[in-house]
Amino acid sequence: MIKPQVHSILAVVWLFVIAVLSIVIAGKEVKFSSSIFLLLPESDQSVLIRHAGDQISKDFSKRLVLLLSGPDEAHVRNTVEILTEKLSAIEDTAEVFWRIDEAAASGINEALFDYRFAVLTPETRARLLDADYATISEQALRRIYSLLSIGQNSILDDPFALYSPTRWVAEGRLNYEISNSLLKVTGVEQPTYLMLLKLVGEPFEPDVQRRILDIIQGVESDPDITIEKSGMLLHAAAGARQASAEISTIGLGSIVGIIVLVLVVFRRIKPLGLMFIPISVGYFVAAIVTSLVFEEVHLVTLAFGAGLVGVSIDYALHFLCERRVLLSHQILPRLLPGLMLGLFSSVMAYAAQALAPFPGLRQMAVFSVTGLIAAWLTVVLWFPWLTRKQSIQPLVLAQKFALLRQKFPVLPVSKVSVSVCSVLILLAVMTLYSAAGIDDVRLLQTSPRSLVVEDQKVSNALGVPSSTQFILVRSKALEASLQKEEQLIPYLEALKRAGLLSGFQAISSVLPSLNRQDENLGMVSALYGYRLHDLLAQLKLADEKIEDAFNSFDVLQAHRLTPEAWNELEISTQWKNFIVSSDKGDIASLIRLSGLKSGQGREQLMALIDADADLLFVDQIQNNTDLLTRFRIEISRWVALAFLLIFSVLVFRYKQQVWRIVLPPLMASILTLALLVQIEQGINLFHIMALILVLGIGLDMGIFLAETDGSSHTWLAVSLSCVTSLMAFGLLALSKTPVLHHFGITVLLGLSLVWLLVIAMRAGQNDEAKI
Amino acid sequence: MIRSFLVIAVLFSSPAFSEVSFERLAAISETPDSLEGRFVQEKYLKVLEAGLVSSGVFSYKKGEHLRWETLEPISNKLVLTPTSVVTKQDEKELVALPAGASTVTSVLSEILFSVLTANWNNLSKYFELSGDVDNGSWRVELLPTDVTIAAAISKIELSGETLLQKIILYEKQGDSTTIEFFDQQQ
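Residue numbers (this note's numbering), protein chains in the order written: chain W, 1 to 771; chain H, 1 to 186.
Heads up, a few of these hints could be off.
Looking from chain W toward chain H, a few residues come up when the C-beta cut is under 10 angstroms (computed) [what the hints assert, rightly or not]: (1) Glu73; (2) Ile144; (3) Ser154; (4) Leu156; (5) Asn180; (6) Ser181; (7) Glu205; (8) Asp207; (9) Leu427; (10) Lys545; (11) Ser581; (12) Leu756; (13) Ile759; (14) Met761; (15) Arg762.
Worth flagging that the hints you see were computed from the coordinates, not collected in a lab.
Cβ atoms here follow ideal geometry from the backbone N, Cα and C, with glycine treated the same way.
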């Protein structure tokens, strides 16, 4: 086959390639991403959705909300100041929002006051549209005489009380009021104050989490202070805690298990080291190539790609076991066909993902295929040299295992066994056919219950709107979006009145379209013309004062709140997430919804949205769920196709014996899926991903065994790779993190079944013959 | 039942007690379970030459509500509860300010409720108290310590004999409101 010199050259070339890749990657900044949108197929419309979703989630993930409460108000206020000082002192905090200076607040008021004629409350506007001037005048009088009309603006500047400061603030703001400069939460029993912390970077860094949480815990030890918290940082910290706890139990368990197993089988340390070389090279090359091919590497790719590359342990173990009975120069000619077919089948199964129209799956395919090939090349090119000094020395355990195996009955090829298998498969397929997918992302929620409850409590107290559902109003210019919003809002109000929607936030409520502002100014002008003189004369104002009131309007009658002027206002920062734009100049405003009732509410809303091509309803939770569903279906489809292809190739080489190779992994897969439907109430993407691993290892087993006619050392090798994979991934079934648990339990069931089936369907007559 | 809205007069009749504090007021005053009467309100706005006079009736029920009904020159009904402010017109609720409505208005309703029901403890959160007592009549001056309130109100003066008789509220920008009570009955 390959001449020794050529082999040596190739081995050096491979080393060289790895070195070059390392140098390339050292000079490149690798960007990691966790944005779910990166996994979605790209289209024109999704750019805006992605921006909108990313903006919201980025803001959300960097924010930590703290509510401090206690029986003694002065003490709570004091604690807010102390905590702010401590948190501001560390470099992880970009900003702590905890007070509003009264001067600044009145500054905001002054800035907005000038727009009182152009930006009207919905009530005033409705009355003006009806030309209901009598009610407006009456209200104005009532206000002037009212017990509560203190601190109002001059009756000359705003005789009809068109300016509504509460509304400007209340529209976009949380439930708090400014109490002696601090932010006091309203509508709660104990004095409660709000602090908003903004992080500099992402909340996933353990050091950041520790520094911030340590400070907060220090204050929490005060028995008179209760702190309620909400923010991604807490979930990330809880996740990290769980992960590190699991690493030190499950992770440690599996590593120790693998090490002990390999030591027991080989009675040496060297094979252990050798085993890890191809896997490490595989991960390394896969990560580099993926980051070179793609702009950003998604964290999901790393996690699952890593799992899939794990199949490469097959090659190393197969080589190491056979090396005990074959000399260095004999081994490759003997193993190469099997190794090649094994690689081919796994690469086919993984590469199938690349054909699916999702960038996320493509990334995963690139990662796992390159990782697998790199590991394979490492075994084939380096192992002969790395093991050159080793003498022939059959493994004791191979013999013992062979004896044990002989006691295990071979499934006879008979009508009975074929029928039993058929019935089993039929039952499994029927179970699968009736089963539903469980793709709801919320089921993947990993945070402890108490954290979710606390989150909910904080959101309720502050009146935070749901950030997962919104309407995108697309156009070429902001003005057009705002006008469209204004047309849509009456319908949303109707949904609200019908109890199908609990609320919404739209930027056009504080920044009306210029068109609407012109309309408002015109109507106010009419109101002044008809009623102002009468109203002020009734209050016995002198004529020159009345003149002043008219002048006050005249000065501002063309004063509109333009988007430019809006951006200058401090209040606009609260609304910046409501406008998104793409590089192509498309723009969209978004209306955030809260409490949309499923069923009727959703149907009626969708009817509205579907009627206009510029409107788009986005439900982020639903989107993610849909994404998982689509991934699951696409992967299943392509893997099935890949399996057919692999089958047709294997038929060429193994003729009638092909069923021994193909049937165990196939049956194991179907049975595992059916069992999962029973145990886990359904199948999701992560089950399927794990199943690819099972298929890969299962096919390798069949191929390697067929190639060596079931020699004892091959049996030992494939069993060993099965058990090590069970330890590495199957133990994840114990994980409390749903995604890992799903992956683990599938591997556990799948590999156990594959192993049993491979043994049961072995060609029994060869049991004694080979070593 | 002590016959007073703000029972101060008798106990404060000697000059020795002329130093007033929230604690002392709280110690000797007791809020009646209910109270009703007439009021006359006069607003002095800077831009007006004469004051704007209005009048009406009020009633109070401890811990429940304070109804404030303006009858002349325009009818307007205001219901303050410890947690909300509702304006009523022809028995229709017009403006409902829930307790969480923020801004000066909600604080203001809290202050008025406290002033009219002599909840000194609550007032001490927002004001500093000074005043004097003389021959059965008393006068208390409230200066805001809370910046939010100070932005709107510069001073409140309360005065009375056996009952609270007069409130003068000075606004920051120079306007003022005087409220006088008549025919008060428990």
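These are the hints, each one checked on the structure:
no. : hint   : verdict
1   : Glu73  : holds (7 angstroms)
2   : Ile144 : holds (7 angstroms)
3   : Ser154 : holds (7 angstroms)
4   : Leu156 : holds (6 angstroms)
5   : Asn180 : holds (5 angstroms)
6   : Ser181 : holds (6 angstroms)
7   : Glu205 : violated (36 angstroms)
8   : Asp207 : violated (38 angstroms)
9   : Leu427 : violated (60 angstroms)
10  : Lys545 : holds (5 angstroms)
11  : Ser581 : violated (32 angstroms)
12  : Leu756 : violated (65 angstroms)
13  : Ile759 : violated (70 angstroms)
14  : Met761 : violated (71 angstroms)
15  : Arg762 : violated (74 angstroms)
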